[in-house]
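Visitor: Residue numbers (my numbering), protein chains in the order written: chain E, 259 to 370; chain A, 7 to 841.
For the record, the hints were derived by calculation from the structure and aren't laboratory data. Glycine is no exception: its CB is placed at the ideal position from the N, C-alpha and C atoms. There may be inaccurate statements among the hints.
Facing chain E, a subset of chain A residues (Cβ under 10 Å, in silico) [claimed, not checked]: (1) PRO72; (2) HIS79; (3) PHE524; (4) VAL532; (5) LYS534; (6) ASN559; (7) ARG561; (8) PHE817.
For reference, the chains in residue letters:
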Amino acid sequence: MNNQPTTWFKAAPISAFPENGGACVKYNDKQIAVFHFKQLDKWYATDNECPHKHQMALSRGMIGDQQGHPKVACPFHKKTFSLETGLNLQGEDYCINVYPVKIEDGFVFIGI
Amino acid sequence: MTQPLKVVVVGNGMVGYKFCEKLLTKVGGGLFSITVIGEEPRPAYDRVHLSAYFSGTSVEELTMAPASWYAEHGIQLLTGECVVKIDPAAHYVQTHTGLQIPYDKLVLATGSGAFVPPVPGVEKEGVFVYRTIEDLDAIIGYSKGATRAAVIGGGLLGLEAAKATLDLGLETHVVEFAPRLMPRQLDAAGAGMLKRKMEALGIQIHLNKNTSQFDGGAAVVGLSFADGTSLEVDMVVISAGIRPRDELAKQAAIAVGPRGGIVVNDQLQTSHPDIYAIGECALHQGMIYGLVAPGYEMAEVVANNLVQGPTVKEFKAFDMSTKLKLIGVDVASFGEPFCEQTPHDTIVVEDKLKGIYKRLNVTTDGKYLLGGILVGEAENYNMLLQTVKNRLVLPPNPEDLVLPARKGDGASAGAGVAALPDEASICSCENITKGAICQAIEEHNLPDVAAIKKCTKAGTGCGGCVPMLSDLLTETLKKQGKVVKKVLCEHFDYSRQEMYHLIQTSGTRTYDEVVAKFGKGCGCEVCKPAVASMLASIYNDVIAKQAVIQDTNDRFMANIQRGGTYSVVPRVPGGEITPEQLIALGTVAKKYDLYCKITGGQRVDLFGARVEQLPSIWEELLEVGFESGHAYGKSLRTVKSCVGSTWCRFGVQDAVGFAIRVENRYKGIRSPHKLKSAVSGCTRECAEAQSKDFGIIATDKGWNLYVCGNGGIKPQHALLLASDLDDETCLKYIDRFLMFYIKTAEPLQRTATWFNKLEGGMEYLRDVIINDSLGIAAELERELQYLVDTYHDEWRVAVETPEIRARFSHFVNVEEPDPTLEFVEMRGQKRPADW
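Work out the full structure: start from the sequences and follow the hints.
Guide: Structure follows, in structure tokens:
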């Protein structure tokens, strides 16, 4: 995980995000993908841009786990990334930024 | 502390790159400081698959390793830098910019250039060679103003070049000096078969032609031949052989052969012991090796000897066996293809109808295979090559090795991978043995071919041995007593067929229920869409109700395209469309500024729609009677038709009418993979029904039904299931066939692949579908009828259901489109900016 966040950005109410899927929020000029694992009650946030072909698409990818480790698959070429470390799970050379998430008063906050 | 040894590599082609890779794996850096100098502006790329550049493969994808790879491994890479001088006495090389680079050991991997025959006029505009990306760019550029191209040279490279000019849409001629194509690999009969195949693809072949002059003024307008004939063309690609790049060596007084090539000994040292030569520039025992595999072996020998000291490993004469796909035609030549000096008997199989020629040379006692030639089909190449290399004893009827499997035969003739000795080389590009691969599988518990590739590097070169890797994996796992079962993924220990049965009998209707009951974990991008497809095939619920388990195309019910916008394809059953509908399509396209393209399936594709525009676009399309075309789904796409007996003077049945009926019956049905179909109104087959998953061709008595064909990466013709059917029987058989496929195929398996794995082949399929040998026909029909009865237009449901409609937005916290979308103008329409 990154350093301590300096800002907690109030993104949207929980109901705006699909269960067991992702959605995208805008923060200034940034696009951040937010994912919700309902059964585990876990939230993750990453860059929305897939570094492979620089497409704003990760929020539209399918989520799941690899040996229990949470991941997202880019819908373009199925590159998979760890939602905890941001590393590419196929051993390729690119990674994404991950951001902390907290839930307060029914709202999703992202630490930037 | 000792200074690291300075190794300088001149040439950054495939072999130069491979040398670096091999040296690193042996020492991991440190002992050596490596400098690589390449004259091309970019790092080494895959020249073997160069023609893929014409069909859209990018330079990036062809690149062996990016510049960053060299940097990360401490290799100094100089591209666009040309070495102009070697000083063997002072141990340095000098580049065209004046840079002087000292070395302890110098490796020349300068490769080869195209051999350009000294024919008058060769310098004219429009005459090209076929060697580098720059050559290809120049060919592409010039081809825009050209219509007819000649390729000089009917060898391996020449035919590759011919494919390229054909892909560029040019009328293509191949001019060969010898009396046959590929004279070094094929005999007259094999070359004759290849010629017929090439001609059928529209390439004109001219043999026995000695080009005497390039005609024209500044630009080439034709070729004149020594026999007095000529050929009018407006561009020429010369691919008449290679010439080793030995000029640097020559200038440094290093020994070269009388016809070119840097002379090397078995350690690949040149006449100067600190200078090595590898790849196509090296002349070993009078032989220049113009293939990549021997080049890689040379790289291995030199890397090995630099680390462990000389004479440890020697380069031995290399097998020149080769298999390749030329313009879709398999061609292979292995062992001794001609056996000109060796006593032998030949076994020849020739099928002009199918365009297959196979020749085996066996010892006169019939015990051993010496070599052979395969044209048109080369599936057995790997096994045949191994049989030669390892001197395996032939089976009693060696002709079975090349004859198509006969009915009633169980396993295919000849021994499988199990019979090969451990020292058999499986991957000839990387020279990796069966023993090494099996050992890696056992020691590292490698679960699949991808893991074998990563761990051993086998299969990473030409890829020809990948099917054998898969067989070795199955074999090794079986030996370990492990059950080899195709499970969905790590979350489900069941095959798709088992899952289908479990879901159906348990009545589970959502992915969450299915994973809780039969699986583990949170699922993944493999099992989610697979289960989604099965749920849809069984229950036919609205897929948007479980949007997050669908692949992105099904989630947004449109096809994601470069840049992240989507394309929209309304259904046009049978390709029949009214003027009003055409106008409506145009109106919508104009309103939303969409790029328009007619698809191969007789429909109109509208590109460039933003995700939040999709519901309103569909609202307008629905109003004029369009429905979802399911272009985004693993489901029925289109039923293409020719115009049939209603208009065509040859037609014998109403192809359009029946295509519409077929399309409306099966639309919306989800299957393991996409389904394509077509109906032709007569035997001329203008709708190309034999390339479809199920295709229907009219006869004067009714319909012939073909199944399990496809185009795509491995085209395969559909096979005749039944003839002269009436409308109702035809639909009944299609019902049974589709449902049988849907219930038993693997995920993402097209009908052709499914059929190829079906034990018993067409005989068995006919028994199940027509004779009801399994007693399931009624059940299949009932299940399919349920899908027909529960059809719904999923876009109508989406547009009319507010909570589904609300999901079509790029951001959830602001109502704005994706600000990063970028388009450029192209031929009066828009397209996404390059990524």
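Visitor: For this structure, which hints from the list above don't hold up?
Guide: Of the numbered hints given earlier, those the structure breaks are 2 and 3, listed in rising order.
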